Amino acid sequence: MAQTPTTIVDELGIALANLADTATGAFTPTLRLGVTGLSRAGKTIFITALVHNLLTGGRMPGFAAMAEGRFIGARLAEYPDATVPRFAYEQHLQSLTAKSPVWPEGTRRISQLRIVLKYQSKHWYAGLRGPSTLNLDIVDYPGEWLLDLPLLGLSFAQWSAEALERARRPGSGKEATPFLDLLAAIDPLKDANDPDAERLATAFTDYLRRSREHGALSTLPPGRFLLPGDLEGSPALTFAPLPPPAQSARNASLYAMLEHRFEAYKAQVVRPFFRDHFARLDRQIVLVDTLRALNAGPAAVADLETALTSVIGCFRQGEANPLLRPFARRIDRILFAATKADHVHHSSHDRLEAILNRLVSNASKRARFAGTQTRSIALAGIRATHEGTISEAGQTLNTIIGTPLQGEALDGVTYDGKTEIALFPGDLPERPDSLFEDGNPVALNFLRFAPPQQLERNASGDVMLPHIRFDRAIDYLVGDWLA
Amino acid sequence: MKRPIARPTANANATGTDPALRTPRAFAPTAVELTDSDFDPAPDETLLAPPPRPMGWLGRLAWTSGGVLLSAALGLAADRLIRDLFAANPWLGWLGLGVLAGFLVAVLALAVREVFALRRLLVLDALRRDAALTTLDNDQQRGRHVVDKLVAIYGDRPDQARARQTVTDHLPHLFDGHEIIAMAERSLMAPLDARAKALTAASARRVALVTAVSPRALIDIAFVLYESVRLAGAIAALYGARPGLFGFWRLTGAVLTHLAVTGGLVLTDGLVEQLVGQGLAAKLSARLGEGVVNGLMTVRVGIAAMRVVRPLPFETQPQPVVRDFIPELTKLATDSAKTT
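These protein sequence lines map, in sequence, to chains A and B. Following this note's numbering, the numbering of the first sequence begins with 1 at its first residue and continues without gaps. Following this note's numbering, the numbering of the second sequence begins with 1 at its first residue and continues without gaps.
What the hints contain is simulated information worked out from the structure, not anything from laboratory work. Everything hinted at is true.
Subject to a maximum C-alpha distance of 25 angstroms in a straight line, what follows is the list of computed DSS-like cross-link-like pairs (lysine-lysine):
id, chain 1, residue 1, chain 2, residue 2
1, A, K99, A, K418
2, B, K331, B, K197
3, A, K122, B, K197
4, A, K122, B, K331
As the structure is a computational prediction, the values presented were derived from the model and not from experiment.
Could you put the whole structure together from the sequences, leaning on the hints where they help?
Okay, here's the thing in structure tokens:
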């Protein structure tokens, strides 16, 4: 039986918190923006670009409030939750604008940020009260942790069956063998002891880590095994999937112990994460790194689809009942975004969006059924390339020009991270379904590019981050709150 | 009481057991004669207006000969005049010749200017079509082309300098045609829209006032006509059309057509307000009520002119509607009612 992701106590807490928000938000409303994306999807870049563009009034012609001159300004504010670190916007910006710019490192812990937006509303009564303010709350977190959310609805037996089935698939044979061998040698019904549990957990973690490094597999919970944070070595992280026991397991058996630890992991690690950061969102942007999955092939694409569908299904979507709105907040708009759109030529953006639509079709159908608006877009929070054409053998190829990261390779050439090249990454398929099928004639290869080397500055000396359709994304996500 | 009876009907057997039932068969597609039916039915002949009758040879002869006669008469008259002047005094003759040359040059220049003005109107029309198309199919190239042309049209406007700069700054960073058009509309059109609305409101106010105080209906009509013509010309010049004489003729035609087509629409989008406004004003005074009605007429001319000459369709900016101008007119009416 599927379990609900939260307990009744959680629900009560969420409702009370919502009520408190409604009371304090009567004058300054708070918009919680859920930036969702698996690991390396570009969450940190998106948030950095968002903060920077809002703070400095960047180049955002598609953001209606700014284009109409109603947007007055923004500032960073203290986040109400004092126990969570602040999003290191300044550091990220510094690494992007340094003399030799690098992308910010992968996120390893959770962080939050509140931006206060000041704007003039378009409504007739706006003239009476002058400029309004809106708090925009954003959370950044390691994308691996997001994969844990579907666990909330699974029992230990269900999860074990799924995980073992995945480990025994022919594709993941090499990485999973040590773990499966160890598993075969251990009887789950014997007495519980910590060394066995630790050996199993280590082998399982190794398997997860290796399969992530080798392929672009994205559906490998539990996420904290890969990025444990300060929970490393704690019992809640020392478990592994076990095959179902032949007879009912005794309370003192290994099986019962691991099951207990799995439940503890859910209750004490995953559920608070969900309750504190995802249960009360108003808007959601789902960032998808389509290109990386395309590089890795059909299995990775199918994996990505499964992961996205199960993760997005955990969120509370739909239109809230107006009477219940003070207690229940729901996500009423979701934007699906294919990130790193600057890594393909703009003439391919349509196809990129088509592929994205195919990847999230199940998730977006479910969301729309619940009453949520969805839209999809190909965007780049920070544009690292520019475009040009090359004529070769009578054909005109649309290329992108940029500096590939050190170690990226194409056609036997490995780049040193300093040479600028013009790249034709291959045509994206016209039919998105073909990405799920084996034996594609064209091997796509999207190189990763270094951040832009030279950045323009605006009149007040602030760096302007170039972007692709980022302004439209912001307009869709927060625009109507600034109307 | 009768018993129930059943009898076979005459054609029951004929359809029930058809001896020539055909079995399914498959053919190669090349052997097939395609008989796809046309799903667009031919237009109903009775609904089409008969085509206008081309001018017959008699009419053409009449016009041609008349034209030849007229130009011959004009040429002859000019020739006679110059000869007479020379006969009177050679000095006077030379002067007359010079004046004639000046006249001809001026007429030629006017004609050239008219041609350019007409072309300007056509260019604006084409731009609007292109922009609408770009919004639909999202073509970046066409969007850039439209914006480049717009920037060129407004290139000599000092007050648009900043908007032009914004547009050229943003242009390289936009990839979607409709986004380009929206950006251009926000930056270039929005200030012009505001000024066109202000012009319209001012005209409507003048018309309402003059109607309220004028002693004769004829004066009202003349003033409404005068104001409408002036307003349409001012709005066209504002959006960069610069109509000349013939251009203005065209513009008037377009505005009138637009009014005829959308008159009903404009009515519906502001019907309630119009009725309310007029009712209120009419209660105060019959003359004031008429003034408001005439003012609304001018407002509609202004709106129609905006829609006809604006080089971009209304996408991000709200369409002007009669409702926007009602408060001003009724305020004027009630104010003047109080003072009288």
